[in-house]
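Work the whole structure out from these sequences, hints included.
Protein chains in written order, with my numbering: chain A, 685 to 1108; chain B, 685 to 1108.
One should not assume that every hint holds.
Stated by the list, open to error - Covered by chain A, per the in silico footprint, the following chain B stretches (three or more residues, Cβ under 8 Å):
1. 882-893
2. 1043-1057
What the hints assert, rightly or not - With a straight-line Cα cutoff of 27 Å, these simulated DSSO-like cross-link-like pairs (lysine-lysine) come out:
3. Lys911/A / Lys702/B
4. Lys1097/B / Lys1040/A
5. Lys1040/A / Lys1007/B
6. Lys911/A / Lys799/B
7. Lys929/A / Lys790/B
8. Lys1047/A / Lys790/B
9. Lys1047/B / Lys1047/A
10. Lys1103/B / Lys929/A
11. Lys911/A / Lys1097/B
12. Lys1047/A / Lys718/B
13. Lys796/B / Lys911/A
14. Lys924/B / Lys790/A
15. Lys790/B / Lys928/A
16. Lys1040/B / Lys928/A
17. Lys929/A / Lys796/B
18. Lys881/A / Lys900/B
19. Lys1040/B / Lys911/A
20. Lys799/A / Lys1097/B
21. Lys881/B / Lys900/A
22. Lys924/A / Lys1103/B
23. Lys924/B / Lys1047/A
24. Lys702/B / Lys1047/A
25. Lys911/A / Lys710/B
26. Lys1040/B / Lys790/A
27. Lys710/B / Lys1040/A
28. Lys900/A / Lys702/B
29. Lys1103/B / Lys1097/A
30. Lys881/B / Lys799/A
31. Lys924/B / Lys710/A
32. Lys702/A / Lys881/B
33. Lys956/A / Lys1103/B
Unchecked claim - Computed far set for chain B versus chain A, every beta-carbon distance over 12 Å:
34. Arg715
35. Leu735
36. Glu858
37. Asp872
38. Ser988
These aren't lab readings, by the way, just hints derived from the structure by calculation.
Virtual Cβ for every residue (Gly too), placed ideally from N, Cα, C.
There are 2 protein chains.
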Amino acid sequence: MMTPVWQEEILEDLSAAKHAWNEVRKLPAARKNKFLKTAAHELEKNQAAILTANRQDLEAARKENLNSAMLDRLTLNSARIQAMAGGVRVVAGLADPVGRLQETWKRPNGLKISKVSVPIGVILIIYESRPNVTVECAALCFKSGNAAILRGGRESFHTNQALMQVLKQALKKEKLPEAAMTLVSTTDREAVDFLLKRDGDIHLVIPRGGETLIRKVVELSRIPVIKHYQGICHVYVDRKANFKKAEAIVFNAKVQRPGVCNAMETLLVHEKAAAKFLPVIGRKLQEAGCEIRADKSAWRHLKSVPGVRRAVPEDFGHEFLEKILAVKVVPGLQAAMDHIQTYGSAHTDAIVTEDKRAAQTFKDEVDSSSVMVNASTRFADGFEYGFGAEIGISTDKIHARGPMGLEGLTSYKYIVEGKGQIRV
Amino acid sequence: MMTPVWQEEILEDLSAAKHAWNEVRKLPAARKNKFLKTAAHELEKNQAAILTANRQDLEAARKENLNSAMLDRLTLNSARIQAMAGGVRVVAGLADPVGRLQETWKRPNGLKISKVSVPIGVILIIYESRPNVTVECAALCFKSGNAAILRGGRESFHTNQALMQVLKQALKKEKLPEAAMTLVSTTDREAVDFLLKRDGDIHLVIPRGGETLIRKVVELSRIPVIKHYQGICHVYVDRKANFKKAEAIVFNAKVQRPGVCNAMETLLVHEKAAAKFLPVIGRKLQEAGCEIRADKSAWRHLKSVPGVRRAVPEDFGHEFLEKILAVKVVPGLQAAMDHIQTYGSAHTDAIVTEDKRAAQTFKDEVDSSSVMVNASTRFADGFEYGFGAEIGISTDKIHARGPMGLEGLTSYKYIVEGKGQIRV
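Written out as structure tokens, the structure is:
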């Protein structure tokens, strides 16, 4: 079999990225921020070229009969480009995550040990159709001193190319290495498999997209992967919940944006709260176009609400990503936590209660990356946590967990300073 | 093909470990420490049974003609069992790494966000012949609230079984779930491949052993792996080094224990220091039985030392793990750092200098997990850093880097507390 042309190109890209990283990792904050501001300006200035490329992708997508949600995600316009540029300016304004002294201590033998944050290296990001991911990820990786290898979706290929061209112009203007960010120049699927084996060249992979994509990446990768497969988020309404708060939180968690990973998928209600709470929230959700799937004991309290269905076992632990909600009545807090442990995905789970002891037990014992008390699951988000930016959400147990901002894109090193000490 | 018997056993073990973890992760520090003290006591009390099992392994090993270094690693005696028990008591005395409030802040909407350390989950440790690793890893995983699945070497199978039996007795005595630590009950090689695919049951893999073992684990694993392949450590003796310190450090880094990962493999010397420094250190190393492999320019200063050989290119970037040292003369600090970047393994690299600017540049720019100034590379070690224990050393760029103690065995979660906030 002949080596495909793209393979050689990728190897060149990876080698160039490594060298670029060796410069980028040492850049002072001021130079990184200056570049980001230039990039934002260039994005605005080059709107016409970006929109032309986007129209090319949109035409092809329409020919392939992509559905309207996908077309919407793919579509750029002036406002969306402005928003991208705005996002890049926000990243410019964030604190530099590199070179931060995390801890320092002295040893009895006089050695001084310091733990200092450093960039990770070359980061591969694999994502699907939204072209703004290209700009976001490039900006976040750059600010954190990393080189980015971006592999976007086939559908947005021309848009991504146009965006990358603008970013590279900005790098050139600022006399920075253009290989600090690279868009993989082929849409060949085998290129991903090839990249995932290059653990000598790439330090971290972040897949952003559907579960199928992420499972494939984990299956094939020899490089560490940070990810979440699913967001199966629960809200548990306790016996001692304030029902006004519970109503607002449950409604918000399900309805405000049902297609995202921090939306609620299952509602758990204490049996002593069910008779009062379920009919009210049931009607409110139904009026908002939400389909309710109730287990046997929830059904008793919901059957008066039009359109409520009986749940099948598979409805629990299922990520609907639309206006569908599984509802279950539980005998108490422990049963709620057991359900979450069994069916949850350790993404985000919430309790609504005024009982401090119940809240404390829930906080201590629920092993999710975000645990909420009297707040909507929808807050599990880098912006809402105040990180200013988000590269993704992790449900992994190592490195970054939960919403992941610039800090999640750094590692650390130990610096040991002595006066000639040797080990005895 | 029939399913092998061990496969069912492993699935049972994993299920039991998951349930045990669900208890262990919530244990208060006092109960964990009490168990560890009981375990230490039981190890001492059951010496006879452990030594009987060890003799069984040693006999088999002699029949298979294992070399003397391997036999030594495998051998237990009363002093070594005492040392194991002592190590477990040290772990009992360390601070609980779980439940530590790492950060807390308030958002403008009133949400209070806290970042709290939590155990990782079920941890698989794959290791080779030294049976003390069984006890060390079980103790460290337990103290950090994790369940441990241990897969030791075939040669130490009976010893490991005897040790695990003692640990399980101690768990039973303390009314703790016995599945909190499990020794894989088969030595079948395919069992490792099977375990590495169980990413739903196991949260982290730590391979401890030779590079071949570790590469195999990374190749096959769908579970995150923390590891280092090699320790190719450098010492750079700067033009402005204090030669007395340099002599002590270089000698210590190479000779004190050459077979470990933080021993020096390559010595780099500034060209202005070479004439004075190299003949002295060369003779000293030669007298200690060290073989020197000098590049062309180092050779000029070392040829008077008996037995010095000319280096071949492959000697640089090579992990000798014995009394062999590659030596190179460099034109200056930048060349030294470039060499380290090209040939190093990002484990531990040292500079010897009295020049503060050179030291600062080296600290800032060398991207190794431990960077030493005027200290021996041999200090890169969890005990020497004051962690009290070490589960391994990582040269990965995510999660734990460098020497990895109890903190490296934890993750974190975000706790978000509100008063009914919803997302707008």
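To see whether the hints hold, each was checked on the structure:
Counting residues of the stretch 882-893 of chain B whose C-beta sits closer than 8 Å to any C-beta of chain A gives 3, which meets the bar of three, so the coverage hint holds. Only residues whose beta carbon comes within less than 8 Å of a beta carbon in chain A count, and the stretch 1043-1057 of chain B has 11; three or more means the coverage holds. Distance hint between Lys911/A and Lys702/B is fulfilled; the C-alpha atoms sit about 22 Å from each other, no more than 27 Å. Between Lys1097/B and Lys1040/A the CA atoms are separated by roughly 19 Å; this keeps the pair inside 27 Å, and the hint holds.
With a C-alpha separation of about 63 Å, the suggested pair Lys1040/A and Lys1007/B falls outside the 27 Å cut-off, and the hint is violated. Between Lys911/A and Lys799/B, the direct Cα distance comes to roughly 19 Å. Compliance with the 27 Å bound is thereby established for this hinted pair. A threshold of 27 Å between alpha carbons decides the hint, and for Lys929/A with Lys790/B the separation of about 20 Å falls inside it, so the pair holds. For the suggested pair Lys1047/A and Lys790/B, the alpha carbons sit about 17 Å apart, so the restraint of at most 27 Å is met.
For the suggested pair Lys1047/B and Lys1047/A, the alpha carbons sit about 40 Å apart, so the restraint of at most 27 Å is broken. Note on Lys1103/B and Lys929/A: the hinted pairing holds, with a Cα-Cα distance of about 8 Å set against a maximum of 27 Å. Distance hint between Lys911/A and Lys1097/B is fulfilled; the C-alpha atoms sit about 15 Å from each other, no more than 27 Å. Taking the CA atoms of Lys1047/A and Lys718/B, the gap is near 25 Å; set against the 27 Å cutoff, the hint holds.
Between Lys796/B and Lys911/A the CA atoms are separated by roughly 25 Å; this keeps the pair inside 27 Å, and the hint holds. At most 27 Å may separate the alpha-carbon atoms for a hinted pair to count; Lys924/B and Lys790/A meet this at roughly 25 Å. For the proposed pair Lys790/B and Lys928/A, the alpha carbon gap of about 23 Å is at most 27 Å, so the pair holds. With a CA separation close to 63 Å, the supplied pair Lys1040/B and Lys928/A exceeds the 27 Å bound.
About 17 Å separates the Cα atoms of Lys929/A and Lys796/B, which keeps this hinted pair within 27 Å; it holds. With a C-alpha separation of about 13 Å, the suggested pairing of Lys881/A with Lys900/B holds against the 27 Å cut-off. Restraint check for Lys1040/B and Lys911/A: the C-alpha separation of about 42 Å exceeds 27 Å, so the hint is violated. At roughly 22 Å between alpha-carbon atoms, Lys799/A and Lys1097/B fall within 27 Å of each other, so this suggested pair holds.
Between the alpha carbons of Lys881/B and Lys900/A the distance comes to roughly 13 Å, so the proposed pair stays at or under 27 Å and holds. Taking the CA atoms of Lys924/A and Lys1103/B, the gap is near 14 Å; set against the 27 Å cutoff, the hint holds. Note on Lys924/B and Lys1047/A: the hinted pairing is violated, with a Cα-Cα distance of about 55 Å set against a maximum of 27 Å. Distance check on the hinted pair: Lys702/B and Lys1047/A sit about 20 Å apart at the alpha-carbon level, within 27 Å; holds.
Annotation: proposed proximity of Lys911/A to Lys710/B holds, straight-line Cα distance about 26 Å (limit 27 Å). Straight-line distance between C-alpha atoms of Lys1040/B and Lys790/A comes to about 19 Å, which keeps the hinted pair within the 27 Å bound. Of the pairs offered as hints, the one joining Lys710/B and Lys1040/A holds, with about 19 Å between alpha carbons and a cut-off of 27 Å not exceeded. Under the criterion of a C-alpha separation no larger than 27 Å, the hint pairing Lys900/A with Lys702/B is consistent with the structure, at around 25 Å.
For the hint linking Lys1103/B to Lys1097/A, the alpha-carbon distance of about 40 Å lies beyond 27 Å, and the restraint is violated. Proposed proximity of Lys881/B and Lys799/A is contradicted: the alpha carbons are some 34 Å apart, above 27 Å. Restraint check for Lys924/B and Lys710/A: the C-alpha separation of about 24 Å stays at or below 27 Å, so the hint holds. At roughly 31 Å between alpha-carbon atoms, Lys702/A and Lys881/B are farther apart than 27 Å, so this suggested pair is violated.
For the hint linking Lys956/A to Lys1103/B, the alpha-carbon distance of about 22 Å falls within 27 Å, and the restraint holds. Chain A leaves Arg715/B outside its interface by the beta-carbon criterion, the shortest separation being 15 Å against a cut-off of 12 Å. Residue placement check: Leu735/B keeps its beta carbon more than 12 Å from all beta carbons of chain A (closest about 30 Å). Distance to chain A confirms Glu858/B as a non-interface residue, since its nearest Cβ pair spans about 21 Å, more than 12 Å.
The Cβ of Asp872/B sits about 23 Å from the closest Cβ of chain A, beyond the 12 Å cut-off, so the non-interface label holds. Every CB of chain A is more than 12 Å from the CB of Ser988/B (nearest about 26 Å), matching its label as outside the interface.
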